[in-house]
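Going line by line, the protein sequences match chains A and B. Letter by letter, the first sequence follows residues 1 to 112 in our numbering. Letter by letter, the second sequence follows residues 1 to 118 in our numbering.
Some clues are possibly wrong.
Stated by the list, open to error - Short derived list, chain A residues pointing at chain B, Cβ under 7 Å:
#1 33
#2 42
#3 43
#4 45
#5 90
#6 99
#7 100
#8 101
#9 103
#10 105
#11 106
It is worth saying that the hints were derived from the structure and are not from the lab. We treat Cβ as the ideally placed atom computed from N, Cα and C, and that holds for glycine.
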Amino acid sequence: SAVISQKPSRDICQRGTSLTIQCQVDSQVTMMFWYRQQPGQSLTLIATANQGSEATYESGFVIDKFPISRPNLTFSTLTVSNMSPEDSSIYLCSGSITDTQYFGPGTRLTVL
Amino acid sequence: AQTVTQSQPEMSVQEAETVTLSCTYDTSESDYYLFWYKQPPSRQMILVIRQEAYKQQNATENRFSVNFQKAAKSFSLKISDSQLGDAAMYFCAYRSEDSGGGADGLTFGKGTHLIIQP
Chain A
1 SAVISQKPSR DICQRGTSLT IQCQVDSQVT MMFWYRQQPG QSLTLIATAN QGSEATYESG
61 FVIDKFPISR PNLTFSTLTV SNMSPEDSSI YLCSGSITDT QYFGPGTRLT VL
Chain B
1 AQTVTQSQPE MSVQEAETVT LSCTYDTSES DYYLFWYKQP PSRQMILVIR QEAYKQQNAT
61 ENRFSVNFQK AAKSFSLKIS DSQLGDAAMY FCAYRSEDSG GGADGLTFGK GTHLIIQP
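Bound-form chain A, shown alone (with noise of 0.2 Å):
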């Protein structure tokens, strides 16, 4: 399995502000991913982080909204840009090793 962890585990911010969120994984990873959990809801892919090139997102996700960066094989962050109520999610960070992703412990962002 990765070692994976994310700072910070919580946080609750104000609308219109933004917030970084950081994830560290070990060096057996080659790809990383972002996704988010909405409350009681399931997780859904936000975009996979791309080393030193920009990231790549699905559907409904844009990067003016949700910058990603991956300066390196083993570091990414996510911002949630100009927060409103509703980004209030969990986001999850997630690390590949061949065809298995593993999971850091997630962020808990609440906007008021």
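Please arrange chain B on chain A, whose structure you already have, making use of the hints.
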């Protein structure tokens, strides 16, 4: 696009008994991977078991086993000798076979909330 359906929002089982969680999926691909993840209240997603579509043999991990029916596009999870620690949300997930040097993200079902009765 692939879809994953879990038709049981909630299941309840007595401790030490066996329970089966259902999952069906829709895809036009022939090669793919299927997974079951467990999410306890701590919200950490934990891999339970994985299955490669090209393998006919059903995957097993200790008390957890799957019934993979490729033609029926069905992938159920059986938990034997249920324990209190098995209580969690269980998500079925699909991933395409990587053919381009990268890897696709996962498509998840809506989840099944498993309750273990002591």
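Open item on the list: For each hint given before, does the structure comply? Return the numbers of the non-compliant ones in rising order.
Closed with: none
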